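Participant: Protein chains in written order, with the numbering used here: chain E, 39 to 283; chain A, 828 to 1296.
For the record, the hints were derived by calculation from the structure and aren't laboratory data. Every value quoted in this text rests on a predicted model; they were computed, and no experiment measured them. A virtual CB, placed ideally from N, CA and C, is assigned to each residue, including glycine. Wrong hints could be hidden among the right ones.
Heads up, incomplete: computed chain E residues facing chain A, CB under 8 Å, no partners named [said to hold, decoys possible]:
(1) Pro46
(2) Lys96
(3) Thr116
(4) His117
(5) Pro128
(6) Pro135
(7) Arg136
(8) Gln144
(9) His148
Computed far set for chain E versus chain A, every beta-carbon distance over 12 Å [as the list claims (entries may be wrong)]:
(10) Ile61
(11) Ala147
(12) Ile165
(13) Gly183
(14) Ala193
(15) Ile213
(16) Asn226
(17) Val254
(18) Met260
(19) Gly264
(20) Lys274
The calculated label-pair distances, taken between Cβ atoms and stated as ranges, are [to be verified]:
(21) A:Val1037 x E:Pro115: 17 to 25 Å
(22) E:Lys54 x A:Arg1045: 35 to 43 Å
(23) A:Ile1061 x E:Lys54: 36 to 44 Å
(24) E:Gly182 x A:Arg1045: 24 to 32 Å
(25) E:Gly209 x A:Leu1137: 29 to 37 Å
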Amino acid sequence: MSDANKAPLLAIRGVKTYYGNIIALKGVDLDVHQGEIVTLIGANGAGKSTLMMTIFGKPQAREGTIVFEGRDITRMPTHEIAYLGIAQSPEGRRVFPRMTVFENLQMGAHVNNLAYFDTDLERVCTIFPRLKERLQQRAGTLSGGEQQMLAIARALMSRPRLLMLDEPSLGLAPIVVRQIFEVIREVNKEQGMTVFLVEQNAYHALKLASRAYVMVNGLITMSGTGAELLANPQVKAAYLEGGHH
Amino acid sequence: MSDPANTAGPDWGQITRDSAFAALIAFGLFVLMLGFKADQSLNNQLVLVFRPELLASTVALVFIGRFLIGYWQSRKVEGAAKKKAPSKWAQKAEKYGLPAAVGFLVAYPIFILVTVGPSGAIKWIDNFGIQILIYIMLGWGLNIVVGLAGLLDLGYVAFYAVGAYSYALFATSEPIKDFMAQLIGEGFWQAWAFWICLPVAGILAAFWGVLLGFPVLRLRGDYLAIVTLAFGEIIRLVLINWVEFSNGYAGISSIPRPSFFGIPFNASDEGFAAKFGLEFTPIYRTIFLFYVILALALITAAVSMRLRRLPVGRAWEALREDEIACRSLGINTVNTKLTAFAIGAMFGGFAGAFFAARQGFISPESFVFLESAQILAIVVLGGMGSLLGVVIASIMLVGGVELLRELDFLKAVFGDNFDPAQYRMLIFGACMVLMMLWKPRGLISVREPSVFLKEKKAVSADLVKEGHG
Ligand SMILES: Nc1ncnc2c1ncn2[C@@H]1O[C@H](COP(=O)(O)OP(=O)(O)OP(=O)(O)O)[C@@H](O)[C@H]1O
Ligand SMILES: [Mg+2]
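Chain E extracted, bound-state conformation (with noise of 0.2 Å):
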């Protein structure tokens, strides 16, 4: 329990964003401490993603708070926030597609600007060997799975302390889903590397989880264990049922 009583390395408070005037966040609370796999999961325009770009700034929370190592960040531009150590791989990947695999990596080395660019590279190329075969390729020109991979390398590439992806499993076969995944749990058990993901796939989602919440309609109902939401009958009817395991 010696976790749950550090400070939280994310702390969202109260959280509540608007798109115009249509309510998108009703007040979410939710921490991610060091060295977990947080994973949110919720149906269709729950609004995870929208949680997830209120953390990076873009559209801002207004009201609440999201704290980042002891640090206020709700109001911080989303270029300053990258600077802190957050990453984030956006729902649909957003690779830079007439630039080459390389080329899309250097850009997620900008900001400690390519001072571990080496090091980093032959990291995330271990990490993902079909990528250090494409890195001459147009990330455009990668398969969905390629690029899903390129956006989680690109996001690796700053040395964040907190990794955001956004559904990673989007549209991949299954066998490639499962890669996905094994390769966050080993980031995540090799490198320390604290995760935050948002998933539909939630059967997998929850299996990594450390700890787990469920958004509905901008809220959260419900968190515990990955293993707890896992057995709970409401999660399994609302998210497991029918679902691919």
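Could you slot chain A with the ligands onto chain E? The hints should help.
Facilitator: Coordinates of chain A with the ligands only, in the frame set by chain E:
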């Protein structure tokens, strides 16, 4: 269509039939419109003049045009069947083309002078050389904004105007001249104005670039294009209407010409020719101007090539691809956009100052929207982001128009009143359409990666899906 594996070449029969059909339609359309002309006879009677040559040449043109399109299309089908590799020649051209082109340009005025002689050379060095180089420089400047940063700017001519008027107003300003005369000496300002005002014009244009940048930070694509277009028009209208400031339509004349670093180009004893023991002719100034704009253009190219390899250049390209991803990677998109506008505008300003100095006279008429369109056309035709593409497109578009003036033999075909230069917009448009059919992504659609591992390997734009942002 037959199986592509069996076709040895284009289906000539089909192409010929298509072309004949198009020619027939053209004949039907034009037989009355062009074939006959209603005219007045000497005793004021309406007569119909039959013009078979005009009709025949129009129909022939349509036939040839349709034939070429058919040929291209069949080649495209073949090419697709052969699964052609990213075009090698474009890669080679990008690699060796630039040094070769620079060498050619440095030798060009001398070559012309030797072959044509001083009197005929002015036309070739000025109309073809300097004129094209100005557009190459403008193309390269706009390329930073449009090609690299992906910000569609339809008002680029505004910065050209800012540069031109900055130089014109400073150089002809009496107070500055008096002040300089007191400070350094009589004649100093006249001799050195260009060299002092050139950087000032660039800085002022960059400042206006930032000023335009702020309100359009949140805009992209079509909206950005409209606002920049309006910006270009506003600058022009201000120049027209604020007569006390810019002298309105009348423009500014007797702008000092550039000196050879303090030595004027005139027939006096202090002039360039006398100092260097040469016979006086105006050609020396023209040649000097040629080298000035060549140097300015090369600086533009060198800076854009260098910037592409720096973090800011990479950020521009990333911004063109995906703004949201950029922000989450810690790129300050505001600063990145503003630097793109500022640096692009600065080169426009340099070119403007040079233009004013070369002409000796400027008026708002030189800075109409058509200029912006032409510069943008050069960048798009050349292939967004390609330096060599801009060169080829400038030579085609600007040089092509100049060449039209030379085509006197067409008068023999179309009659004495025919002035080919009047058809330049028509030809310009037709060229654009044909070009886009032939190479939809511009002449040189290969984006060289800015960093390489062991071997160079360019990737063709054709491999990337169309449209983004
Ligand atoms: N830019 C926007 N403008 C207006 N409304 C938006 C915007 N982005 C998201 N929304 C709305 O906010 C709500 C939450 O969307 P969000 O993308 O966060 O859902 P999500 O949980 O990530 O869903 P999914 O699993 O489908 O990605 C939705 O109702 C959506 O329509
Ligand atoms: Mg989402």
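Participant: Under 8 Å, Cβ to Cβ, is where Pro128 of chain E needs to be relative to chain A, so tell me if that hint holds or is violated.
Facilitator: Hint holds; Pro128 of chain E Cβ to chain A Cβ min 6 Å, cut 8 Å.
Participant: According to the definition I'm using, a residue is off the interface if its beta carbon is farther than 12 Å from all beta carbons of the partner; does Ile165 of chain E meet that for chain A?
Facilitator: holds (18 Å)
Participant: With a cut-off of 8 Å, does the beta carbon of Gln144 of chain E approach a beta carbon of chain A closely enough for the hint to hold?
Facilitator: holds (7 Å)
Participant: Hold the hint about Arg136 of chain E up to the distance rule: shortest CB distance to chain A must be less than 8 Å.
Facilitator: Holds. Min distance 6 Å.
Participant: Is it correct that the beta-carbon of Ile61 of chain E has no partner in chain A closer than or equal to 12 Å?
Facilitator: holds (22 Å)
Participant: Confirm or reject the statement that Gly183 of chain E sits farther than 12 Å, beta carbon to beta carbon, from all of chain A.
Facilitator: holds (17 Å)
Participant: Less than 8 Å between beta-carbons is the criterion; does Pro135 of chain E satisfy it with respect to chain A?
Facilitator: Nearest chain A Cβ about 6 Å off; hint holds.
Participant: Using Cβ atoms and 12 Å as the threshold, tell me whether Val254 of chain E really stays out of contact range of chain A.
Facilitator: Holds, since 26 Å exceeds 12 Å.
Participant: The output says Ala193 of chain E does not contact chain A. Does that hold with a beta carbon cutoff of 12 Å?
Facilitator: Non-interface label on Ala193 of chain E violated, nearest chain A Cβ at 8 Å vs cutoff 12 Å.
Participant: Non-interface claim for Lys274 of chain E: all C-beta distances to chain A beyond 12 Å?
Facilitator: holds (34 Å)
Participant: So, as I understand it, the hint says Pro46 of chain E touches chain A; can you test that by seeing if any CB pair is closer than 8 Å?
Facilitator: violated (21 Å)
Participant: Minimum Cβ distance from Thr116 of chain E to chain A below 8 Å?
Facilitator: OK, holds: Thr116 of chain E within 8 Å of chain A, min 4 Å.
Hints 1, 11, 14, 22 from the list above are not met by this structure, while the remaining hints are.
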